[in-house]
Amino acid sequence: MAPRILLGLLGLAVVAWIGNKAGQDMRIFWIVTLNGLTLAALFFVVAAGFTLIFGLMRVVNMAHGSLYLLAGYIAFTLQGNWYGVSSNLLSGTPATVVSWIVPLVIATIVIGLAGVFMQQVFLRWNQGQDLRQALITIAISVILADQMVAHFGGIAESIQQPAVWPDSVSFLGIRYGFFRLVVVVGAAVVIGALLFLAIKRTRFGMIIRAGVDDRAMVSALGVNIQLVFAGAFFIGALLAGLAGVLGGTMIAVQPGNDSAFLLDSLIVVIIGGMGSLGGAAIGSVALGLVNSYADVYLKFGTNDFTNYAILLTFILVVAVLAVRPLGLFGRPA
Amino acid sequence: MSVARSATPPAAGLNGRGMRITRWVAIGALVLFLAGAPSIVDSFTLAQILTKALWLGIAAASLIFLSSYGGMISLGQTGIYAVAGFTMANLVNAAGGKHLGWDPVAATAAGIVVATVFGVLCGAIASRSYGIYFLMITLAISVIVFYFFAQVTTLSGYGGIRSVTSPGLIGNPILNPVPLYYVALVASVLIFLGIRYLARTPFGLALQGIRDDPARMQALGYNVPLHRALAFGVGAFVASIAGILSVWYTTQISPGGINVTQTINILIIAVVGGLYRLEGAWIGALVFSTIDNYSRVWMPNVGDWLGPDRFETIIGVIFLVIVLASPGGLVGIWESLWDRRKRRLAPISAPGIPAMEVVDDAVDHPAAV
Amino acid sequence: MHRNQRHLGSRRLLAFAALSLFVLAACNGNSTTTTSSAIKIGILSDCLGDFGSFYNDDLGGALAVLNAHYGGKASGSLPKDGMTGVKIAGKDVQIVGFGCSDSTASKAIEETRRLVEQLGADILIGPLSGDEGIAVANYAKTQPNKTFLNGISGAQDATLKVQAPNFFRFNPDGAQWSSGLGDYAYNTLGWRTAAVIGDDYAFPYTSLAGFIAEFCSIGGNVTNRIWPPLGTTDYSSFITQIPKGLDGLFVGVGGAGLITFLKQYQQLNGPLNTKHIMGNTFWPDPQLLKAIGTPMVGAVAASGIAADDTSPQTIAYKQELAIYPATQADAASVFTLGYWSAMTALGLALTKVNGDLSGGQKALQAALASTVVDGPYGKISLDSNRQAVFDNWIVQITAPAAGSQVPGIHTILQVPKVDQTFGGFFSSTTPPPDRTNPTCTKKTPPPWVGHETPVSFS
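Residue numbers (the numbering used here), protein chains in the order written: chain A, 1 to 333; chain B, 334 to 702; chain C, 703 to 1160.
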């Protein structure tokens, strides 16, 4: 019990500290908070797919980040080749809603199918050997990362948002990116709601919930568990793909994003508990806010610790694991 | 599960003598080759293939020790060897870091101690987790160490620490690679023998029992988390030697050399060699350093897909093929070939060993808390 | 419990290991030290890591010189396919190999040793990035009888501190590339206070140090230095920290991160106000201009390259590069220029000594020290640390020409004879640039301040 009390006190201290800083400059506080929440939305879309696959199949897909990045590159390439949209932020042919949505849909579906392919060819026949499956997906991610550098180069590229959407929106005296605030957060909320409903209200969701608890029993009841697995992998990869296009538009498409977003997904699900959708949501918000508050507020008088902010993320992970080894919402398998 | 791994009856008669002869010839050849390597191969190969394979092998051996005797596949070994390397590099004279000017031997000892203590602490946190959770927590350890040294510029920063002073015995390994080669060789042999000895001590036997069935060992009164944490400490000790050797080998250490890619590389070496055989560590490292060097010479360009600049793809494909085809790595392939031959020679023998079972076994109890 | 098993296993393995070592020993026999009179050159660049996509730009810059002046025949359409038939001063020249590093010092050394020790290169050209350059300069000290010419790495320490007698750098360091901007900000744009932002590692430290040294020496004040960690994917939080009300912002966010940075900067602050923001040498890079486009139009940056120059030297340079259409497209890239300058200097010096490498290459090294490269954008000579003294250029990014989507470059000022020390601001005893160094102090400005020459090429 003692660690929990300590953790609670620590949490209070952090809130008080941020409150104090916020009092000094509300404008910065709101921007920093929005930075954290919009990043959290992106993390959630990536991590939801990751945690879904894990929850049902106990597969830790270490190639999840590679799927994320590959989707970004596919959408970027399609936008350029089919619609002549260059990666320039403003010059060149402006992107339209169609020339943003069509690459998004295609890239997302292609990545979903790539996930199914990966599961059927490499993972299906060694079900239950979860470490071996993790090693296989690590190997795939190593190959994909190198091939993406070979084919798409090392320069960051950017998917263009439709020109009819505004660059930024102003409210409460602050100005904030429209795409981040409206599209990404909106997508995360819609996806979260759909996944929640699908899992709670549909037959597929029922099977998944049952599968998470007892795979053998679900199979014994006559459910085609292989089909369910393929379906879950499709949706999980699909979410990585969707996040890749959203992230490629919101931030950029660049080498290294694969391992960065894999690590972010791992942190999110370690905090939230592997296999739990609610956990992924909480974990994303925690990671996003810690990231952005620490980058700005880790200053005490003249001592500036913001350069060490990135370490705080991992201290968060260790703190959570010390109290709950399976994450906030994790359950023993 | 351990039944499958029970003793193979010694092959009988003539055949047995033949094998004994083969064995001594092989050991003799290997010893002769390794001891005489500095006069057989040129100094470049000695340094960049053999010495590199020896220290990478030690790093991989620390991983294989944990996986084969403890059932723990760790991605934290890179982080731990980095702690040893950075500690030592900060204590001696160097460009960058604290350059405290300690005697290199004392600094080496300090590096090993700090990294081992760090390893035990990490072990204490990670020892309650199993299988895939353990893999991820140890990955987090490596990433934390990377960011720590990248961001704390007084201890390193991205540029790292250069021109690190080595002990007089080693000298400058670029001018004369022979002393470092022998030091790495002796360290490898001692670690190999030491781990095999440890495996037969009560601690080692308890550890293997925990690997096979943690719940039963707990019931028998063993302190399972403590054993696992201590095993992690032993692995950290071995890894820290690799870290020290790596700094002597390159005379520098920087976060770029201990990043996620390097973490994965150590895993690749261990898996390619064979996760369940200590020997696999050095075999995997030799294969890795050979391909790393020669693929940049002979790999033809195949469109954008392959070429001298596509080392990562080549090693990734080898890794994938090994994981798919032989979970026991190259050692596993060799063993199954040997078994087949032996079966022809002596019909009564044990069945082949599906090595992965050992780990699956540990994984079947992900949360025996 | 499986003791016997292990013993059997080890026996097999020893045999296996012995076998593989012998195979290795056998392959190793044919790889080294073929003695011939040819001059052997190795070229080291990055094919992996952050700068991996500049591999062919780099190699192409060096090989184009051999093709244009020394009879080299390209073996394929890309530089990495190699080149044969080169003769300098009547001696055969052999390109023994291309080093393929990944921007880390340890790999750079391994690749350097492969080229020098395994493939027997007499002369090495490279490497690409800062930490690699320091490592190779240190390695050069252990090989006094070989000659090293820097590729395009820009760490100050590689020449200012290491001072290897056989390491020559015909390109500026990161600080030199920013020269002239402090003066421009203070005297033309009227900045008095500024913030700087750059990735948290050596090159941006050095690049921003050039701006800080000059801007502060005249009397400006740098109030905030913001260092996002290398590999940051989202710069929003760091942009938030830039105080409002300062006169200017100097941006040293490099390569990959710049597009992300500018995108988020615009979302938070609206379009760039080019009177209040300036960029370092990355801004006019053709690959980045192409990727980022018009948001930068109007902004001023410094560069070793006056892309709109139409002098005979520039035209000749572009014609030389035409052998590789892939690198010609990026004729204005500093990466290409760095390797081109090194190979040009080497060709001149080798010709001067008639290709004589005897006596530990001392004649060649002496010739290199006094070589002046008549480059496409001005003459490059060396100082006593064998570091380039060159002309830097202040350029403005202009709207894309009709039919193009890539912004252009308009050169406005020539910054003459920029040396590494900034007139004494940096020396072998000053701390290397880092998060807090150099400190912002008013002192004698660098010699070029107030002596920049207005130019207009178009």
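Hints may contain errors.
[As the list claims (entries may be wrong)] Here are the simulated DSSO-like cross-link-like pairs (lysine-lysine), alpha carbons at most 30 Å apart as the crow flies: (1) Lys-200(A) <-> Lys-21(A); (2) Lys-977(C) <-> Lys-992(C); (3) Lys-863(C) <-> Lys-431(B); (4) Lys-992(C) <-> Lys-299(A); (5) Lys-1145(C) <-> Lys-1081(C); (6) Lys-1081(C) <-> Lys-299(A).
[What the hints assert, rightly or not] Just some of the chain A residues that point at chain C, by a computed CB distance under 8 Å: (7) His-151; (8) Asp-214; (9) Ala-216; (10) Ala-220; (11) Asn-224; (12) Asp-295; (13) Ile-310; (14) Leu-312.
Worth flagging that the hints you see were computed from the coordinates, not collected in a lab.
Just so you know, these numbers come straight off a predicted model, no measurement behind them.
All residues carry an ideal CB built from backbone N, CA and C; glycine is no exception.
So, going through the hints one by one against the coordinates:
no.	hint	verdict
1	Lys-200(A) <-> Lys-21(A)	violated, 41 Å
2	Lys-977(C) <-> Lys-992(C)	holds, 22 Å
3	Lys-863(C) <-> Lys-431(B)	holds, 18 Å
4	Lys-992(C) <-> Lys-299(A)	violated, 38 Å
5	Lys-1145(C) <-> Lys-1081(C)	holds, 28 Å
6	Lys-1081(C) <-> Lys-299(A)	violated, 48 Å
7	His-151	violated, 11 Å
8	Asp-214	violated, 34 Å
9	Ala-216	violated, 31 Å
10	Ala-220	violated, 36 Å
11	Asn-224	violated, 40 Å
12	Asp-295	holds, 4 Å
13	Ile-310	holds, 5 Å
14	Leu-312	violated, 12 Å
Hint violations for this structure: numbers 1, 4, 6, 7, 8, 9, 10, 11 and 14, all remaining hints satisfied.
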